[in-house]
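Visitor: Below are the chains, spelled out letter by letter.
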Amino acid sequence: MQEREIIEKIIQGESDFYKLIIDKYKDKVFGIIYSFCGQTCDCEDIAQNVFIKVFKALQKFKFESEFSTWLYRIVINEAITVSKKKKHTNNIPLEINNDDEDEDNIINFLKSQDDTEQQLISKDIQATVWNALNSLRDNYRAVLTLRDIENYSYEEIANILNVSSERVKVWIFRARNRLKEILLKDEDLQ
Amino acid sequence: MKCKDFKKIISLYLDGFLPPAERAEAEKHIFVCGECKKEYTALKNIRSVLVGFKLPETSKKLDSAFTDSVMDKIKNNSVVVEPVKSGKTFYLNVIKKHFLIAAGFLFVISASAVFLVKDNTAHKEAVARNTAIIQQQISARKNLNNDFIYVLENYFNSCAEAEDDTSEEEYIISLLA
Chain A
0 MQEREIIEKI IQGESDFYKL IIDKYKDKVF GIIYSFCGQT CDCEDIAQNV FIKVFKALQK
60 FKFESEFSTW LYRIVINEAI TVSKKKKHTN NIPLEINNDD EDEDNIINFL KSQDDTEQQL
120 ISKDIQATVW NALNSLRDNY RAVLTLRDIE NYSYEEIANI LNVSSERVKV WIFRARNRLK
180 EILLKDEDLQ
Chain B
0 MKCKDFKKII SLYLDGFLPP AERAEAEKHI FVCGECKKEY TALKNIRSVL VGFKLPETSK
60 KLDSAFTDSV MDKIKNNSVV VEPVKSGKTF YLNVIKKHFL IAAGFLFVIS ASAVFLVKDN
120 TAHKEAVARN TAIIQQQISA RKNLNNDFIY VLENYFNSCA EAEDDTSEEE YIISLLA
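Protein chains in written order, with numbering that gives the first Met the number 0: chain A, 0 to 189; chain B, 0 to 176.
Keep in mind that a hint or two might mislead.
Listed next, the in silico DSBU-like pairs over lysine-lysine satisfying Cα-Cα at most 35 Å (straight line) [stated by the list, open to error]: (1) A:Lys61 - A:Lys83; (2) A:Lys18 - B:Lys6; (3) B:Lys1 - A:Lys83; (4) B:Lys74 - A:Lys52; (5) B:Lys43 - B:Lys3; (6) B:Lys3 - A:Lys27; (7) B:Lys3 - A:Lys8; (8) B:Lys37 - B:Lys53; (9) A:Lys18 - A:Lys59.
To be clear, the hints were calculated from the coordinates, so they are not data collected in a lab.
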């Protein structure tokens with residue numbers, strides 16, 4: 000059965016068909032939420048809420064885009080909302096002590112040209128980058144998460160965020176530079 | 000390739016989206032330019048951390064209990080596909096909502112008018128100053144590539160909505176310098 004037929008059946012009241020949709024997309028949805036919210040969020044709970052929201056909103060899906068694109072747009076909006084709430088409650092995903100030694104670590108890491116060192120990225124460096132990523136504007140954070148963490152193409156990101164590929168290209172370019180500026184602060188690499 | 004040209008394509012280079020000829024040019028450039036190599040290395044290293052945030056494929060599988068749990072919640076809480084709102088009630092709600100939003104805006108604007116006038120003047124002066132510099136520098140150059148022209152157009156179009164207008168302008172100026 001085609002996905003369109005399944006969705007039409009659900010809209011007509013045959014809700015049991017929704018199982019097929021959940022089974023098809025649950026791992027991808029969970030992965031995106033994890034990329035946005037990290038380990039401390041209950042990603043499974045958020046994923047459940049997303050699927051309930053999507054179910055309620057199915058009537059609004061007009062088959063003008065791929066269903067997956069529409070679904071991932073809802074997932075990203077939900078993930079951004081949840082991670083913002085987390086920030087407001089000061090529940091930062093990864094802890095870091097902001098002392099001079101940590102600053103030196105990140106600067107040395109960013110300057111490092113040794114690929115073997117990349118395999119041993121310390122938790123402090125991960126935490127610093129995670130916090131910097133979370134301090135970016137929502138659109139910058141969304142494009143970096145989708146591109147670098149989830150490995151979507153520019154075209155796919157454009158469809159999910161409902162903007163042009165050119166805009167995605169510019170946002171990624173700016174987001175990377177902004178992230179570098181935040182991490183290097185006053186260093187000469189800026 | 001010059002440093003400013005490399006900076007324009009650095010993000011595409013990092014993603015491996017450059018055509019072979021441009022890629023070869025970029026590789027040649029970072030071989031001879033220490034500063035650009037440093038910049039590229041920093042971005043590449045940041046990217047390697049971001050890639051590591053991906054949930055490992057092995058721990059990504061949700062079992063059938065997840066699906067059952069969502070279906071139970073839908074059934075037990077009588078969740079239904081919501082109809083798209085239409086008719087009188089919908090329009091009344093929209094009007095009511097718009098009225099409240101308008102009233103809220105009016106209140107906020109009148110309460111903060113004094114501060115806005117002061118901030119706007121400073122902001123407009125900064126935008127005018129930077130825009131003049133950018134336009135002057137563009138007119139002095141003939142061969143800007145399409146990507147960069149897009150960045151500029153995008154900037155001019157989104158000038159009003161950007162949160163950090165002045166820093167974006169300063170950034171563009173630094174690319175042109």
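Visitor: Work down the list of hints and note, for each, if the structure agrees.
Guide: Hints versus structure:
no. : hint              : verdict
1   : A:Lys61 - A:Lys83 : 29 Å, holds
2   : A:Lys18 - B:Lys6  : 48 Å, violated
3   : B:Lys1 - A:Lys83  : 41 Å, violated
4   : B:Lys74 - A:Lys52 : 14 Å, holds
5   : B:Lys43 - B:Lys3  : 18 Å, holds
6   : B:Lys3 - A:Lys27  : 39 Å, violated
7   : B:Lys3 - A:Lys8   : 56 Å, violated
8   : B:Lys37 - B:Lys53 : 26 Å, holds
9   : A:Lys18 - A:Lys59 : 19 Å, holds
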